[in-house]
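First to last, the sequence lines map onto chains A, B and C. Each residue of the first sequence is one higher than the one before, starting from 1 at the first, in full-length UniProt numbering. Each residue of the second sequence is one higher than the one before, starting from 1 at the first, in full-length UniProt numbering. Each residue of the third sequence is one higher than the one before, starting from 1 at the first, in full-length UniProt numbering.
So these bits of chain C aren't anywhere near chain A, every CB distance computed over 12 Å:
1) Ala200
2) Asp323
3) Glu529
27 Å max Cα-Cα, derived DSS-like pairs, lysine-lysine:
4) C:Lys275 - A:Lys109
5) A:Lys103 - C:Lys280
6) C:Lys20 - B:Lys53
7) C:Lys216 - C:Lys165
In short, the hints are calculated from the structure, not lab data. From the three backbone atoms N, C-alpha and C, an ideal C-beta is built for every residue, glycine too.
One-letter residues, chain by chain:
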Amino acid sequence: MSDISESVAGELWGREGFREDPYIAAETLEETGDAPAVILPLAAWLGLDESIRNNTNRKIGVSVAPGESIDPLLPLLDTIPLIALQFPAFNDGRSYSKADILKNQHQFKGELRAVGDVLIDQVAYMLRTGFDTMKVTHAVTLTRLAEHNLHDAPGYYQPGRGSHTVPGAYSWRRVPGA
Amino acid sequence: MSVKVLTANRLTDGEAVWLGANGEWLDHIDGALVARHAEAVAALEEAGKAAIKSNLVIDVNVIDVEERGTNLYPLRLRERIRQLGPTIRLDLGKQAEKTSANAA
Amino acid sequence: MYRYDEFDHAFVSARVEQFKDQVERRLAGELTEEQFRPLRLMNGVYLQLHAYMLRVAIPYGTLSGRQMHKLAHIARRYDRGYGHFTTRQNIQYNWPALSDMPAVLDELASVEMHALQTSGNCIRNVTADHFAGAAADEVADPRPYAEILRQWSSMHPEFSYLPRKFKIAVTGADRDRAAIQVHDIGLHLKKNEAGELGFAVYIGGGQGRTPMVAKKIRDFLPIEDLLTYTTAIVRVYNLHGRRDNKYKARIKILVHETGTEEITRQVEAEWQAIKDTDLKMPQQDVDAIDNYFRMPNLPQRPEGWSQLAISRKADPSFARWVDQNVTPHKNPDYGVVTISLKPIGGIPGDATDAQMDLVADIAEKFSNDEIRVSHEQNLVLPHVAIADLRIVYDLLLTDGLATANAGLITDIIACPGLDYCALANARSIPVAQRISERFGQPERQADIGELKIKISGCINACGHHHVGHIGILGVEKKGEELYQISLGGSGDEICTIGDITGRGFSSEEIVDAVETIVDRYLQVRTDKEENFLATYRRLGAAPFKDALYNETANAA
Numbered sequence: 001m002s003d004i005s006e007s008v009a010g011e012l013w014g015r016e017g018f019r020e021d022p023y024i025a026a027e028t029l030e031e032t033g034d035a036p037a038v039i040l041p042l043a044a045w046l047g048l049d050e051s052i053r054n055n056t057n058r059k060i061g062v063s064v065a066p067g068e069s070i071d072p073l074l075p076l077l078d079t080i081p082l083i084a085l086q087f088p089a090f091n092d093g094r095s096y097s098k099a100d101i102l103k104n105q106h107q108f109k110g111e112l113r114a115v116g117d118v119l120i121d122q123v124a125y126m127l128r129t130g131f132d133t134m135k136v137t138h139a140v141t142l143t144r145l146a147e148h149n150l151h152d153a154p155g156y157y158q159p160g161r162g163s164h165t166v167p168g169a170y171s172w173r174r175v176p177g178a
Numbered sequence: 001m002s003v004k005v006l007t008a009n010r011l012t013d014g015e016a017v018w019l020g021a022n023g024e025w026l027d028h029i030d031g032a033l034v035a036r037h038a039e040a041v042a043a044l045e046e047a048g049k050a051a052i053k054s055n056l057v058i059d060v061n062v063i064d065v066e067e068r069g070t071n072l073y074p075l076r077l078r079e080r081i082r083q084l085g086p087t088i089r090l091d092l093g094k095q096a097e098k099t100s101a102n103a104a
Numbered sequence: 001m002y003r004y005d006e007f008d009h010a011f012v013s014a015r016v017e018q019f020k021d022q023v024e025r026r027l028a029g030e031l032t033e034e035q036f037r038p039l040r041l042m043n044g045v046y047l048q049l050h051a052y053m054l055r056v057a058i059p060y061g062t063l064s065g066r067q068m069h070k071l072a073h074i075a076r077r078y079d080r081g082y083g084h085f086t087t088r089q090n091i092q093y094n095w096p097a098l099s100d101m102p103a104v105l106d107e108l109a110s111v112e113m114h115a116l117q118t119s120g121n122c123i124r125n126v127t128a129d130h131f132a133g134a135a136a137d138e139v140a141d142p143r144p145y146a147e148i149l150r151q152w153s154s155m156h157p158e159f160s161y162l163p164r165k166f167k168i169a170v171t172g173a174d175r176d177r178a179a180i181q182v183h184d185i186g187l188h189l190k191k192n193e194a195g196e197l198g199f200a201v202y203i204g205g206g207q208g209r210t211p212m213v214a215k216k217i218r219d220f221l222p223i224e225d226l227l228t229y230t231t232a233i234v235r236v237y238n239l240h241g242r243r244d245n246k247y248k249a250r251i252k253i254l255v256h257e258t259g260t261e262e263i264t265r266q267v268e269a270e271w272q273a274i275k276d277t278d279l280k281m282p283q284q285d286v287d288a289i290d291n292y293f294r295m296p297n298l299p300q301r302p303e304g305w306s307q308l309a310i311s312r313k314a315d316p317s318f319a320r321w322v323d324q325n326v327t328p329h330k331n332p333d334y335g336v337v338t339i340s341l342k343p344i345g346g347i348p349g350d351a352t353d354a355q356m357d358l359v360a361d362i363a364e365k366f367s368n369d370e371i372r373v374s375h376e377q378n379l380v381l382p383h384v385a386i387a388d389l390r391i392v393y394d395l396l397l398t399d400g401l402a403t404a405n406a407g408l409i410t411d412i413i414a415c416p417g418l419d420y421c422a423l424a425n426a427r428s429i430p431v432a433q434r435i436s437e438r439f440g441q442p443e444r445q446a447d448i449g450e451l452k453i454k455i456s457g458c459i460n461a462c463g464h465h466h467v468g469h470i471g472i473l474g475v476e477k478k479g480e481e482l483y484q485i486s487l488g489g490s491g492d493e494i495c496t497i498g499d500i501t502g503r504g505f506s507s508e509e510i511v512d513a514v515e516t517i518v519d520r521y522l523q524v525r526t527d528k529e530e531n532f533l534a535t536y537r538r539l540g541a542a543p544f545k546d547a548l549y550n551e552t553a554n555a556a
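The following block holds chain A by itself, in its conformation from the complex (with noise of 0.2 Å):
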């Protein structure tokens, strides 16, 4: 099992399964060298210069903490290019509530990803309010995730987004795709 889980820490997941991060996280801009892909902190992407925060040469990402505020993003998402929601505790879901917002409320069209201590239980409900990916560091979620065991539910009581996506007997319920 460990074997597993240590072979892939540190890559990235997504439905299509783990591959290399081609992000690298900093704190400020400058410790970053001419990396591509980057993600800061909110604050520091929010003091970027406009223009290079729009320089199509390279990516940068912004990192949220369940305690930040994702509305200074809003008027800004179609420039985005990555947005980290934070799970330093598996047991905070404020990450939840702004995952559903970003995608279905302001349509946010950039990877959305999942940061954190996430439990393999969790990682259905992270696909369900919409995350695209997630970078994770709890061994037990790794392995499953290795062998692509979800832990989906065969239905949903609600409606979004993941493996369940077909209205069910009642408009609230979602059962899989044909």
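Please arrange chains B and C on chain A, whose structure you already have, making use of the hints.
Relative to the frame of chain A, chains B and C by itself:
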């Protein structure tokens, strides 16, 4: 004088148990390992951590008891209720058992 | 009643399989307790003082005879022959082994029941008026909406890691029997001037360490907006509720600190953004759920009233029971029967396996196969023909279930307290038992009239002491049990939090103290029509404090 013993609940069925002088987890407080000074208390705490790791018990606590003759009398009502069973159902819990045969 | 369809069955089975796997991994040592604890809590498994405890959800307190028989079977086979009905309309088993949990959950699933979301920081079992669908004073049955909310809140991806637990209650009558104003969301189903159904929406009520009466944030919400509006409320709470302090994490604190006006603005703004999404309910879906809860086809039984008159005259005990425990039904040939789980000197809310089987049998024969659990820890037979009251009474009498005390001073709510609960600081049940014995004489109870005593063994207030006409809170002081009294609380439509009288009373003193309060009430009430709460509201705490703490003045 108040001394200390180590108590917990058994993983499989949640039964209240006490660490015995023989190193086994006992169904009754009689025969529990009594710590009379700081080093012994520290040893109890270490034994508790080891027991959690070996997945035998959960919710491990060091509690205050008084030695009354040959009996151990927990100072908190909570612990006395854990030792005996619900005070309103004398037919249930450890108080209902006729013998006090210890089993690990 | 709602019946599971394939979707529900598949959902619950998958959850049971998942928990089985988790229990096996735990017993095999592959999961630590730290990893397992949140998983077992999600499945209703707690650790108490003597053993594990399993809390089984009874959605909005409604169950069938078959389900009650199953609860009896579980009590017999996996527990010690009894269960405890709670103020959340659930049932708790006090002695199941962890290794038996998967089997118990399988048994529950076979009768469309589960233990999901009976713990954890998620949306808990939705509660409703226990007379729903039967009471004569009802505007509409709240259970279809409770069922819709149950479905929508089941394993909600966005709302499974809230700051704290979240409780929703729904009532469909002006007389609030579901205590909606002490819930995180309280919904009052009513009709507007055009005769359309909708909800008055209350948020931020709750008991515990900081008791609060809920604030009304919307007077009329159309039915179709139920799920969008609820989503908006819970989303605002999920984003902004405090997570720095467990005791300040409920929505009541957010509402209090933000202010009702501002929180209402935030909810409404969020709702505007989502009100026309997929969660807006088409009428056909509401109708489909509503269909499950249609009033059963009850045969006409007009002969009952003359029979009742004769039986009443012949047996004063039966007459007392009818007066106290039978409530008017929508159909004049029928009544709603409260089965008291408060025998004099007994343990509030406990029922043996045999009693559960008996209630199930009676329900199957005489109550259209329906039973309710009330938040007052009693059982209810919602559809009993007046003509059958006598036989139902006689059957209940055979196993101690015909106590005629619904709503009286011995109909006490009490949490399990320190006799079972790992969180408790003091015992609740023995206090309830002694009060019950003190006032158990039928004439005395009848003279005192409606009086709700509610007892909690710790500040979490599972025994609803804040809304007791007389509330009792057990605390631990210098290793001894001490009981604080509060007066004038009420969980109904005029909701108030009780006022603490002053210093607490020892275990020996507490019953005398309650008697002192009751005696003073009898002295100062205008007449028998003025019940304890009305007298307290008229006079305030002064005469009662005087009686409690001023012995010389009390001598007269």
